[in-house]
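Next come the chains, spelled out residue by residue.
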Amino acid sequence: MTHTLPLLDGVTLKGTRHGLLVCVREDLDFELALQQIQEKLALPLLTQGSDGGESGAFDNQRISLDLGWRELSCESFARLKDSLGEVELAGVLSTSLQTRTVAESFGIKAIIGRLGLAHHQGRRLRQEQREQEQAEKEAPAAPADSVAVAVPEPAPPPGADQEQEATLYIKRTLRSGQKAVYPGNIVLWGDLNPGSELEAEGDVLVLGSVRGRIHAGCNGNSEAQIYCQSLHPTVLRIADEIWTGDLKEAGLKQLPAAVKVTCAKDKLNFEPQTRGGS
Amino acid sequence: MSNMGKVIVVTSGKGGVGKTTCTANLGSGLAQQGKTVVLVDTDIGLRNLDLVLGLENRIVFDLVDVIDGKCRSFRQALIRDKRFENLQILASAQSRDKDAVKPEQMKSLCQELKGAFDYVLLDCPAGIEMGFKNAIAGADEAIVVTNPEVSAVRDADRIVGLLEAADIAPIRLLLNRFKPNVAQKGQMLSVEDVQEILNLQLIGMVPEDERVVHSSNKGEPAVLDPKSKAGLAYRQVVQRLIDPGAPAWAPEQPGLMSKIRRMFSVNLGSQAN
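Heads up: the sequence lines are chains G and U, in that order.
Per the numbering used here, the first sequence starts with residue 7, numbered consecutively.
Per the numbering used here, the second sequence starts with residue -16, numbered consecutively.
If you are wondering where the hints come from, they were derived from the structure by calculation, not from laboratory data.
The structure displayed is predicted, hence computed values, not measured ones.
Don't take every hint at face value.
[Claimed, not checked] List time: in silico BS3-like cross-link candidates among lysine-lysine, alpha-carbon distance up to 25 Å:
#1 U:Lys(-3) to G:Lys185
#2 U:Lys85 to G:Lys87
#3 G:Lys115 to U:Lys81
#4 U:Lys85 to G:Lys115
#5 U:Lys90 to G:Lys87
#6 U:Lys212 to U:Lys201
#7 G:Lys115 to U:Lys201
Given these sequences and hints, build the entire structure.
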């Protein structure tokens, strides 16, 4: 799991409308996470009494956990729950289906998502990066003119030394009903089976066959791209533009082996990728 | 651990693909091979595993009674099969619903059962709600039953995702009600089509066979019918359950289809005579 979210703390506490949210960073070692959660919750902090919480510590209070894309087994989840002691676990927020299923099996409400600090960090990071790029390149980004410039960027994001946008790597097949949501790019090293979904604020790259739905640039970012190795008729979305699997609409005679999908002029553009000499 | 049995859940997601028939047949087949087997019907409120085995009138206590502690031990609720001494079933309750049992209770029951039997087969209800969660709570392994239909495969895929999330492994695929001739003509999903989505270890393919329905209605599993081609397929699945090394239809193997076709054509040939 590579990602570049410079977080200071592995475990952070956030006040939300629905109570206290404990965000546990995904790359934090599980044992350390348990320890940190206990440390944080044992602290005799004064709650900012908006809801009239008067006790000094969090004992007998309800908290929610934001576990991000961390995948927990039943045993790990049980230990995590035990580590909370007197604190009642009201809900779990996770982008991992496994974690959500496990949580639900413990009778704890689980919601898809990831609200933690990382989210905002990721956003800020991307914004900074964009500003930096624009400053450097004098913004040639707009692909408005259909000039056949023969210098297409290699489809996978370049592994440059500079700071990359936060990327979620999923190294398995997404099955029906499974959904990955991420406020950055998603790279899927497996199939996207029918009935599964990918939703990213950035680009989406799928190395297996695509039969499920993809929404890139789901926050309205029309510069997002989708790259597929094996596309089958399905629903693809970039920002607000939607393709529903119609080949004619895509301007294709047949589905190519590999295709890059971009959004331009309020329309999805399908560029078949041929295996030219490198 | 070596003397502990295996808990295998038979599940599918979609209804009507043949979970109960499979459970009954695999259970009888395993018992025929001398294994001690208990079949647990976890479909609370819609019990029918006992019907398929022709044991309805012997039910005194059921799964919910065991869980609620209304009988001395689970042994009191077990019903011995007519044909095999080493095959027992634990029927589900008909007048309760899925919420009568909690996953943890099922888990501890499965622990007890696997201490006493070689195989514990759980007949899972359709759907992915409470009944499914109960059924998989205590399972070590899973057999996903599907038909060569788009909807059944889609539901199986969903189920496999949930099984994977619950750390159940191995998850093996049983393709039921398969029609080799129709698939060959491309009018039905082929094994390859199914495997392209599911990509699971194939434990067996059971051909469509009218005798199965007939024998289920009579309460006699098809696996015991030497004339039934579905029965033969079930016996092969049983072999593979006992010995995972028994010749399997590995999906990766080249020339898989031809092998299966050959095998089926042999079966069909012996049927005709």
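Right, here's what the structure says about each hint:
1. Between the alpha carbons of U:Lys(-3) and G:Lys185 the distance comes to roughly 20 Å, so the proposed pair stays at or under 25 Å and holds.
2. At roughly 18 Å between alpha-carbon atoms, U:Lys85 and G:Lys87 fall within 25 Å of each other, so this suggested pair holds.
3. For a cut-off of 25 Å, the pair hint linking G:Lys115 to U:Lys81 stands: about 19 Å separates their Cα positions.
4. Of the pairs offered as hints, the one joining U:Lys85 and G:Lys115 holds, with about 16 Å between alpha carbons and a cut-off of 25 Å not exceeded.
5. The suggested pairing of U:Lys90 with G:Lys87 holds, with an alpha-carbon distance near 19 Å, which does not exceed 25 Å.
6. Distance restraint check for U:Lys212 and U:Lys201: the Cα-Cα separation of roughly 18 Å lies within the 25 Å cut-off, and the hinted pair is therefore satisfied.
7. At roughly 45 Å between alpha-carbon atoms, G:Lys115 and U:Lys201 are farther apart than 25 Å, so this suggested pair is violated.
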